[in-house]
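Asker: Sequence:
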Amino acid sequence: MSQTEPLDQDPVFQLKGSMLAITVLELARNDLESLDRQLAAKVAQAPNFFSNAPLVLALDKLPANEGSVDLPGLMRVCRQHGLRTLAIRANRIEDIAAAIAVDLPVLPPSGARERPLDLNEGVVVKKPEKPPEPTIKPTKIITSPVRGGQQIYAQGSDLVVISSVSPGAELLADGNIHVYGPMRGRVLAGVKGDTKARIFCQQMSAELVSIAGHYKVSEDLRRDPLWGSGVQVSLSGDVLNIIRL
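Sequential numbering from 11 applies to the sequence shown in our numbering.
Any given hint could be a false lead.
Stated by the list, open to error - Using 30 Å as the maximum straight-line C-alpha spacing, the simulated DSBU-like pairs for lysine-lysine come out as follows:
#1 Lys202 <-> Lys150
#2 Lys147 <-> Lys206
#3 Lys147 <-> Lys202
#4 Lys226 <-> Lys202
#5 Lys150 <-> Lys206
Stated by the list, open to error - Pairwise CB distance ranges, derived in the manner of DEER restraints:
#6 Ser173 <-> Lys206: 21 to 27 Å
#7 Lys147 <-> Ala56: 43 to 49 Å
#8 Pro115 <-> Asn62: 17 to 23 Å
#9 Ala56 <-> Ala111: 31 to 37 Å
#10 Asp234 <-> Pro177: 17 to 23 Å
#11 Gly203 <-> Gly178: 24 to 30 Å
Just so you know, the hints here were simulated from the structure itself, not pulled from any lab data. Note that the coordinates shown come from a computational prediction; the quantities given were computed from them, not determined experimentally. Just so you know, even glycine gets a beta-carbon here, dropped at the ideal spot from N, CA and C.
Please model the entire structure based on the sequences and the hints provided.
Answerer: Next up, the structure:
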């Protein structure tokens, strides 16, 4: 082996074929001013599509009476709108000569069927979303006495009882609870964690009152000086406060 022969025989490149997506701008008239305006409108419609997009300028469909094309000017208009000209497609001698003058590759006229490019293709049009249901529902109102063993739950709303609540009954609400009568039984407001919920009653004689999981049972309530009175119950930190209405 000669000492001057390279030891590294690995190839430094490969030639490969590829099906690249290249936009073809087929010119129908030799009118750069109109082209500039119409391209600006297309860019406004789909700006991302035109960002550094590779382009072939197709001049082979121009009518014979359109005259010579200002190829550098045409390329300049396209570049201003983000299109980078890679080659032209032409069959007129003057167009081919203009491309050679600016060192631009020339492709022969295409016999392939080409379809107009739809800039809206692939764009998903979102349907108007249904507005979310309100988290607070209308107040639940009970007009008859709540008897022992009954359980009433006001989901997502306040609960109003315009009568008495018997021992063994249970009232639950995600919001506030109002009782316009003797309030016995178990009364739980803010059951889903609403610490601002309150309990209002005309006569507190409950077995249990609770707000957002913090509670007092009848043994504690009976020692309160407001036992049997009209009160409101609120939560401050971890402490239930009972004050006169």
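Asker: All hints, please: hold or fail.
Answerer: Comparing the hints with the structure gives:
1. Lys202 <-> Lys150: The hint holds at about 16 Å.
2. Lys147 <-> Lys206: 17 Å, holds
3. Lys147 <-> Lys202: 14 Å, holds
4. Lys226 <-> Lys202: With Cα atoms ~18 Å apart, lysine 226 and lysine 202 stay inside 30 Å; holds.
5. Lys150 <-> Lys206: Given that 30 Å is the threshold and the Cα spacing comes to 18 Å, the pair holds.
6. Ser173 <-> Lys206: 21 to 27 Å: Because 26 Å falls inside the window, the suggested range holds.
7. Lys147 <-> Ala56: 43 to 49 Å: For alanine 56 against lysine 147, whose Cβ atoms are near 45 Å apart, the range 43 to 49 Å holds.
8. Pro115 <-> Asn62: 17 to 23 Å: Since proline 115 and asparagine 62 have Cβ atoms about 18 Å apart, the given range 17 to 23 Å holds.
9. Ala56 <-> Ala111: 31 to 37 Å: 32 Å, holds
10. Asp234 <-> Pro177: 17 to 23 Å: 18 Å, holds
11. Gly203 <-> Gly178: 24 to 30 Å: 26 Å, holds
The structure fails none of the hints (numbered hints given earlier).
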